[in-house]
Amino acid sequence: MNPEDGAPLKPSTPEELAAAVRAAERIVVLGAGTKPRLCAHAHNRTRISMTALRGIAEYEPSEFTFTARAGTPVREIAAALGERGQYLPFDPLLAEAGATLGGTVAAGLNGPGRWRFGGLRDFILGVRFVDGEGRLLRMGGKVVKNAAGFDLPKFFVGSAGRYGALAEISFKVFPRPAARRTLRLAAPDDGAKVRLLTECAGTRWELDALEAAVDEPAVYARLGGPAEAIAALGAEMLARYPGVVLPEIEADELWRAIGGFAWAHADGALAKFALTPLQVPEFSAWVRT
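In case it helps, numbering that gives the first Met the number 0 puts the sequence shown at residues 0 to 288.
Calculated from the structure, these hints are not laboratory results. No incorrect hints appear here.
In the DSS-like style, the derived pairs of lysine-lysine whose C-alpha atoms are separated by at most 25 Å in a straight line are:
(1) 171 <-> 141
(2) 34 <-> 9
(3) 141 <-> 153
(4) 271 <-> 34
(5) 153 <-> 171
(6) 271 <-> 153
(7) 34 <-> 153
As the structure is a prediction and not an experimental result, all values here were calculated from the model.
Using the sequences provided together with the hints, build the complete structure.
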């Protein structure tokens with residue numbers, strides 16, 4: 000099937016996905032399209048859309064685990080977890096834009112919550128996927144206490160579909176913090192932002208997230224935990240650094256904007272660079288020129 004002839008295939012079960020892969024010579028797997036530049040080009044490939052392969056297959060709140068199909072929107076999963084006071088601590092990016100669970104894993108991108116809790120690869124437990132020969136296979140498990148051996152599901156994090164088409168993914172989750180507080184700490188330039196980030200990282204403070212603002216002279220710190228504990232921590236931080244506590248509604252909007260790259264130009268490209276803190280001011284100056 001030429002991908003330019005008609006609509007993409009839309010399997011609704013893992014078995015249909017396997018059949019679609021077996022019937023095709025070359026494929027490209029499509030999610031919600033929130034990160035198109037990370038996908039292989041679709042020219043002369045059979046397009047397989049994952050939008051119909053959706054839904055939470057299993058959810059065990061008492062075990063803090065769930066299994067969902069790859070095309071399930073992350074925001075649907077977040078809503079289901081939220082009803083039981085649970086969440087994905089790595090803050091999946093582009094959730095409000097419709098990002099799917101499979102696309103999030105394939106892209107390997109983490110949100111601000113990685114600062115404290117680790118990234119996506121620290122929460123994935125198992126995968127069910129279709130390999131290049133159209134076989135439906137499983138790696139890992141559905142529980143936190145899994146068998147010993149190579150933790151192969153982690154290979155799929157950031158793989159962009161190279162190892163197979165994801166059908167189902169199992170994750171562990173955390174209880175949602177009892178309270179949250181966001182501080183806006185003053186940082187007049189990139190050098191000050193780096194110093195503040197580095198100093199905060201070297202303290203005993205356990206921060207949920209720490210983000211340097213792109214378009215304003217500030218660093219944002221998110222605190223999570225018992226209300227009294229984060230109030231005390233926030234007061235300690237503001238005694239050391241000039242800043243303010245953001246109102247809850249404003250803080251929620253801020254973190255949603257960060258997770259959706261709202262600060263980026265709509266018609267521009269996004270690129271990810273791995274830098275040490277000391278390289279940030281020089282790199283920022285280079286970008287601006």
